[in-house]
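Enquirer: Residue-level listing of the chains:
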Amino acid sequence: MEIHVISYLILSTVMMFAGIYGFFTRRNLLAILISVELMLNATNINFAVFNRYLFPGVLEGHFFTLFGIAISAAETAVAIAIMINVYRNVRNIQTDDINEMKG
Amino acid sequence: MNNYMSAVLSLHAELSLIVVLVVVFLADLFRSRPGGRGLRVLVCALMLVQVLLNLSPDTRELFGGMYVNTPFTSVVKSILSAGTLLVFLQSGEWTRRPDTAIREGEFYVITLSTLLGMFFMLSAGHFLIFYVGLEMASIPMACLVAMDKKRRQSAEAGAKFILSSMFSSALLLYGLSLLYGTTGTLYFADLPDVLQSGGLERLALVLFIAGMGFKMSLVPFHLWTADVYQGAPTGVTAYLSVISKGAAAVALAVVVRFVFPALTDDWSVVLALLSVVTITLGNLMAVLQHDMKRFMAFSSISQAGYIVLGVLAGSPAGMASLAFYVAIYVVANVAVFAVISTVEQHGGGRTDREAFNGLYATNPRLTLVMTLALFSLGGIPPFAGFFSKFFIFAAAFEAGWHLVVFLALLNTIISLYYYLLVVKAMYISTPAEGSAFGSPIHSSRGVRLCLALCTLGVCVLGVLSCFYENLFQWADMLPW
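In the order they appear, the protein sequences are chains A and B.
All letters in the first sequence, in the order written, are residues 279 to 381 by the working numbering.
All letters in the second sequence, in the order written, are residues 490 to 969 by the working numbering.
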């Protein structure tokens with residue numbers, strides 16, 4: 279049975295906005311990172327689905343998905359390294375404790 | 490074969506930057522002892538060669554239109570390289586500190602790799618290259634921001650920067666995916682023909698502008714700016730505020746102008762609103778700041794608003810005045826940050842405005858440079874900042890944005906107030922008890938050279954008509 283393209287788009291939209299919601303409400307740096315990953319993966323789904331259903335002859339969207347996965351992996355690596363550094367300095371990764379700078 | 494070679498050689502700006510990067514990396518690897526001056530001299534000399542080698546503008550399309558080089562982008566690249574050279578020159582005092590001396594090489598290599606990413610972003614002819622370049626510019630930037638590993642503020646700033654930059658690129662990428670879904674292509678050259686002005690395309694455009702707005706710190710997306718600028722090492726803040734912002738602005742201008750001509754009415758209204766709000770709010774917040782780095786953060790937010798005026802004009806004159814504005818902004822802002830950094834390194838890490846009280850009595854030359862740079866940022870006539878503001882206002886005015894230009898003009902008066910507050914602190918206020926500057930500061934040779942070059946730029950670039958005449962001419966030659 280072929281799944282309709284709309285189902286995929288609903289999935290990706292829900293993922294995107296769940297990610298945005300999580301980004302603004304979570305208080306733990308790792309949870310924020312997970313939310314952002316949700317958003318990035320929603321875009322990857324979009325690219326793959328558009329390519330598969332709307333433009334099946336070419337591979338542009340699939341390539342974009344591959345690059346997106348690689349780049350978000352690089353971003354995650356840097357983000358986690360920085361969070362470890364935050365933990366070493368603050369002994370905590372809750373955003374309520376990361377508020378030394380105010381203005 | 491020969492044809493192929495010459496095609497690859499027209500990537501000369503990127504290739505020469507890669508060579509510089511590799512040489513600096515190897516030199517750092519085989520350096521006998523950290524803390525010497527050799528590496529900085531080497532990297533500055535190499536960057537100087539790089540700038541001089543790439544002054545010849547040419548037009549070329551490579552890799553089936555994925556990479557497009559135009560005279561305009563190559564002159565912007567030269568401006569960015571020269572700005573990076575200035576940042577490297579003034580970073581000596583910070584990299585000589587015992588805890589950072591060991592990471593000096595990393596600072597240069599990571600900075601150069603962000604610059605390389607910006608080059609690819611500027612020359613992109615396809616959104617994939619654009620995105621890869623954007624990420625190449627922003628991921629290493631997070632490492633730079635978190636460079637002071639043991640300082641808590643730097644770590645905080647790094648975390649804030651990487652998370653907000655990931656968020657913004659996710660938004661941008663979602664916009665791109667919608668664009669792909671509606672048109673089926675991501676080549677800049679093909680998009681204008683197939684792009685219609687429907688709802689999905691509008692959403693894609695808004696998400697794209699939001700993503701770039703984060704990178705340029707336009708107002709609804711500016712919340713990370715002040716914390717990151719304050720927490721990052723001062724040299725990195727200088728780089729972040731001029732080079733990264735300038736590259737993002739030019740890239741935004743190129744994309745909205747050439748990819749979204751079908752939606753000109755939409756993006757120009759959005760950008761006009763963003764510009765006015767950014768200038769006003771940035772100015773009002775800057776008045777309230779006491780920490781100089783936070784102050785410069787808000788000042789740079791309002792400057793980003795002025796830069797957007799050039800995008801808004803949407804004409805070749807607008808593009809040229811945008812590049813000119815970025816060039817002037819680079820010299821003036823780097824000068825200010827060099828002075829802040831010098832005072833910070835010699836004054837026990839203080840960056841609040843009170844630390845500058847009575848600086849004139851002990852350091853008249855440093856004060857003079859800072860004053861000239863601030864005058865230029867504020868747009869006082871004989872200095873370059875006046876001319877750059879004049880051109881950008883004129884371009885936006887010609888495009889019919891009279892009210893926007895008027896509001897921006899009103900805002901320059903507010904900005905004069907807070908720039909002059911710093912000048913007042915330096916010349917008139919008496920130094921606080923136990924001030925660190927009983928004696929003149931002896932800054933290193935690199936900082937002095939950087940300040941001299943910046944002062945020269947601030948005084949001369951505005952009156953040097955050949956510079957901007959060439960810019961205007963090259964902006965007319967843009968393809969598409």
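Since the hints were made in silico from the structure, they are not lab data.
Heads up, the beta-carbon is just placed ideally off N, CA and C, and yes, glycines get one too.
Accuracy of the hints is not assured; some may be wrong.
As the list claims (entries may be wrong) - If you want the footprint, here are the derived chain A segments under chain B, 3+ residues with CB under 8 Å:
| # | stretch |
| --- | --- |
| 1 | 279-285 |
| 2 | 302-311 |
| 3 | 327-335 |
| 4 | 346-354 |
| 5 | 364-374 |
Enquirer: What are the numbers of the hints the structure violates, in ascending order?
Expert: As far as the earlier hints go, only 1 is violated by this structure.
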